[in-house]
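Note that the protein sequences, when read in sequence, are chains A and B. The letter at position 34 of the first sequence is residue 34 when you use my numbering, and the numbering goes up by one with no holes. The letter at position 37 of the second sequence is residue 1037 when you use my numbering, and the numbering goes up by one with no holes.
Calculated from the structure, these hints are not laboratory results. Watch out, some of these pointers could steer you wrong.
To be verified - The calculated DSS-like cross-link candidates involving lysine-lysine, where the alpha carbons are at most 27 Å apart (straight line), are:
#, chain 1, residue 1, chain 2, residue 2
1, A, Lys-57, B, Lys-1003
2, A, Lys-71, B, Lys-1094
3, A, Lys-14, A, Lys-57
4, A, Lys-71, A, Lys-57
5, A, Lys-57, B, Lys-1094
6, B, Lys-1003, B, Lys-1069
7, A, Lys-9, B, Lys-1094
What follows is each chain in one-letter form.
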Amino acid sequence: NAGVTQTPKFQVLKTGQSMTLQCAQDMNHNSMYWYRQDPGMGLRLIYYSASEGTTDKGEVPNGYNVSRLNKREFSLRLESAAPSQTSVYFCASSEVGRNQPQHFGDGTRLSIL
Amino acid sequence: DAKTTQPNSMESNEEEPVHLPCNHSTISGTDYIHWYRQLPSQGPEYVIHGLTSNVNNRMASLAIAEDRKSSTLILHRATLRDAAVYYCIPYTDKLIFGTGTRLQVFP
């Protein structure tokens, strides 16, 4: 019962370094999402992929890129990390449709010094 | 996007019922109402969703007002494990998380 798996769980970067956060789901879902959550706040959508081969910007896409590698995997890349990107990052997946629940991973805690 | 209003925090004693309210007066007719919860240091967890009719599952019940401008998540017997932040979200084409209601459960 893996569900949505995110790696790594923790990471510390220096300003200007690059990094890719990995996400994989084993539920055969078509849609996948990347969110960030800052302390005391709700989640904000960074990018999403409605289906394999498509990606779209969410609420806060600046400074990030994504790749939908295949149906299972959706990665998030920080090309030049900034302290403002210190956050907890969550990946989620779902079937298509407003009546479909999203399933979340346990998050990646990223600190940028 | 529909705006939601939830209490910042609520308290309950263990084994008592909890009613978590949510106002979503600008919801459109085709938006499902989703509820998620987030336990400390974990990702959000789906709880329940509905469109017009009241819904029940093993975790909770969802009561939706007839005009759909509000809904109430009902935990029938709160446990310590139910202490979490609860988010009410009208699902348009994406989930928009607010700050939710922090539920404290006391033994």
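Hints, verified against the model:
| no. | hint | in the structure |
| --- | --- | --- |
| 1 | A:Lys-57 / B:Lys-1003 | holds, 21 Å |
| 2 | A:Lys-71 / B:Lys-1094 | holds, 19 Å |
| 3 | A:Lys-14 / A:Lys-57 | holds, 26 Å |
| 4 | A:Lys-71 / A:Lys-57 | holds, 18 Å |
| 5 | A:Lys-57 / B:Lys-1094 | holds, 11 Å |
| 6 | B:Lys-1003 / B:Lys-1069 | holds, 10 Å |
| 7 | A:Lys-9 / B:Lys-1094 | holds, 25 Å |
Every hint, counting from the list given before, is met by this structure.
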